[in-house]
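Top to bottom, those sequences are chains Z and U. Take 160 as the starting number for the first sequence in the numbering used here and just add one per residue. Take -12 as the starting number for the second sequence in the numbering used here and just add one per residue.
Hints are computed from structural coordinates only; laboratory data are not their basis. No false leads were slipped in.
Distance condition first, Cα-Cα at most 27 Å in a straight line; then the derived DSS-like pairs of lysine-lysine: (1) Z:508 <-> U:98; (2) U:289 <-> U:155; (3) Z:506 <-> U:98; (4) U:155 <-> U:98; (5) Z:506 <-> U:12; (6) Z:508 <-> Z:259; (7) U:428 <-> U:289; (8) U:440 <-> U:417; (9) Z:523 <-> U:98; (10) U:101 <-> Z:523; (11) U:392 <-> U:481; (12) U:97 <-> Z:523; (13) Z:190 <-> Z:261; (14) U:101 <-> Z:608; (15) U:12 <-> Z:523; (16) Z:608 <-> U:12; (17) U:440 <-> U:98; (18) U:155 <-> Z:523; (19) Z:190 <-> Z:259; (20) Z:506 <-> U:101; (21) U:12 <-> U:101; (22) Z:261 <-> Z:506; (23) U:12 <-> U:98.
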Amino acid sequence: MLNNIYNIFFIPEIFLACSSFVCLLFGLFLKKNAFRQTSNLAVFILLLTILLVYYDSESNFANYKSLFSHSSFINFFKILALLGSIASIIISKDYFLGIKLKNFEIPILFLFSTLGMMLMIASNNLMSMYLAIELQSLSLYVAAAIKRDSISSAESGVKYFILGALSSGILLYGFSLIYGFTGSMNFEDISFYLSKYDNLNLGLIFGLVFVMVGLAFKVSAVPFHMWTPDVYEGAPNSITGFFAIVPKIAAVALIYRFCLVPFENFYLEWSQIILFLSIASMFLGAIAAIAQSNIKRLLAYSSIGHIGYILIGLVAANDDGIKAASIYMFSYMIMNVAIFTILLSLKVKNEYLINISDLKGLSKSNPIVSLSISIIMLSMAGIPPFIGFFGKFYVFIAAIEQELYVLSVLGVLASVISAFYYLRIIKIMYFDESKSEGIINFQISFQSKIILSLSLFLIICFIFYPSLLINISASLTI
Amino acid sequence: MIDWPLVSVIIFLPLIGALIILFIKEDELTSINIKWAALLTTLGTFILSLILWLQFDYSNPSYQYEEKFRWFDDFNFFYHVGVDGISLFMILLSTFLTPLCILASWNNIKKRVKEYMLSFLFLETVMIGMFASIDILLFYIFFEAVLIPMYLIIGIWGGNRRIYASFKFFLYTLLGSVLMLIAIIVMYRNTNSMSIDFLQGNYFSYNTQLFLWLAFFASFAVKIPMWPFHTWLPDAHVEAPTAGSVILAGVLLKMGGYGFIRFSLGMLPEATEFFIPLIMTLSIVAIVYTSLVALAQTDIKKLIAYSSVAHMGIVTIGIFLVNQQGLEGAMMQMISHGLVSAALFLCVGVIYDRMHTREIEFYGGLVQRMPLYATVFMIFMLGSVGLPGTSGFIGEFLVIVGAFKFSSYVVIGAAFGIILSAVYMLYLYKRIIFGTITNNKLADILDINTREKIILIPLAISVILLGIFPNLFLDPMRLSLELIITNYEIANAK
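Next up, chain Z with everything else stripped away, as it sits in the complex:
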């Protein structure tokens, strides 16, 4: 109810948009420490936004019904994305100061991108969906290239931009086909229109395929994943961290909503595409990561693999699938936050860690850190008793509920392959003898330490009280 004009500012997205502008001005007029101050302000703004999303049960935003939707699923993913971006702003602060990249625009780019993601998750209309995707992507293109004097950063920005623009074009073409054949942009209207038919006609199938290609690019599912390793590698570490943690959340939520809302009756049509994306991502993610020596490329392939598992939940397309996706996404975010917090604090000979082989001997010089990395790696590999196992477990429950036995067997086989490269990291830290000790420094700020301990706590202790997260995710409706 908009009975009071000021209430409009309590809508989370509008609040976030307005305060991002305020934050921009704030940074502009600060003389000293602009980067640090804007980062702090950005974290504060995001925290407030979480509160607003949480208490926004009777969403005012639903007044824009044709453009945006409102459900517990949407709120859950919004909060997840906000938490992810808070974590990545906090952990990247010291890194940016360390490499003397003090542009105060960085946290603001993160803010705008997060805003785009919130809109993406909530969008209920092809047009608003496209605009939201563009808002978050444009901020990310700039962020990837933010280190202007570094060739690799610029290269990754340009690569990301060109491929991203291409995929947006394909996406838009798909939208136009869908609009052309259904006569509506709104998800519910499309769904209503399609419910009158038993099959999709050729034009709509083309439209669906084009949209799937565009969305697959955004979630970096194989075969539209090529940009991921390169962009991860080229961008500054903390930007990579942001890429790994946050946009995936929004893109996954979007692909779930797009398949399950307007096209829910045409499961057979889109599930084949998702099935292929899922299997290909799991296996390519597992196999290609084996040969990597750069930790960022390895994590890129690992995230491709994780996307494959999350898409299993979509192939299952039942309530358990949605539950599995939210649990998996939560565990994915926690594990990535933890690993990037460590990566952003590890220095080898005063350079930030890039090569996996530089981890050699870490278990001697820094036993706690290497233990933490091992736990995160085992959790990513899906070995119980850590949280990563439960993500996979729920995904497989959803798949078997739908009698997708072959898919689940392929999934577990891929997880065995991927265990190899996660174990390799543990092997390098623990088994390899190192002659040069003490070249690895671990410096971590107090705030990042809190983030790291919190996420490790969740990874380890999830098993003791799983019901907390599981009850929330069981109640989600799309």
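Put chain U on the given structure of chain Z with help from the hints.
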């Protein structure tokens, strides 16, 4: 009965010990404190598990000391632990061997003592937890979590090819167990329950059973290990440190046999009936083939590793005979093998610590310098051969008696394997212990010291005790095994 959560205390006591050790700062002086803390924790666990045995109700075939809490709100997964006649001795075996392992590593583990003890204590928790779980998900979590400490133990403190061995061990067994995960979920979907107790009387349709059986088989056949899935075992044994081999042979292999009894026999009886010929064939091949391979080994540890595969072949025959003698024999053989092979690995560790080689040719004539060592080694060697009066005899004898009811071909195969086991063990013993010392390096080798006596003598006593008073062990497990057999027969009579 006991009104406090005894089983949970036994499961988590080692973990608490591990947490305490985590906060002891490690340096030259304090590493001895770490060792003592680990030893005392594991001894305490052992004493508590003896209470489990003393208070055990022999007349109750089902689970005792049950504890059950809701764990997941959305599905029927419980924290549900308890002990019955089958798991009782597996738990005792784990708690008995772990302190011995800690003692065995007292002096020869010099680097990273803290991590080593942490791994062992964590390993003990997951081993006991696995045998005590009544909820299958809990079982699975413990079953897979075993891989983590074992991977580290082989990889950090192992021999030259430890990295290869640790990866092979981890990936091979993981591949088996992930298929079990799928099977577990399918079971849950069909019955809406994860309780082992409940599922043992609740059977699936025939076709489902066949697939589930294969999935469980993949996991347990790798673990136990059956030929041709055994190739990880010799590598893992040879490269692992002594204590790692002890736990691997003593307890981890039994996880496979335990799983076969609980899951294949207990829950999938009709499929078991269908697959019995397969198991019998593989077991007999395993017994004969690996015995012959053992005969040709030049490395002592590798020889014992292959002999383990052969002994486990006897266990699988016994289990899948599904009669009273066969199952009791299999259980006895598992306990006996747990003690004997653990002891043999410890014996190899004794001479390895002194000479740093495991080549058979290097040794010879040890009886001249190490009479006490020769004596205990002989007890274990004879236990492995299955001489009457030792534990090995009871298991092999019962299995063969049971096998006569099934098929005389199986008896011939098993008996042939037992003869071969005598051949390779006696030949091994002759080569390292008897004769005169030809190698000058052995001239001043010392006999076993007090610490080694403390490790080996309890094992020797229990090997003989098991051989002379088998009923001490057979009585508690008899009713639980009968229950499984009755269920199996009812299901197949339908």
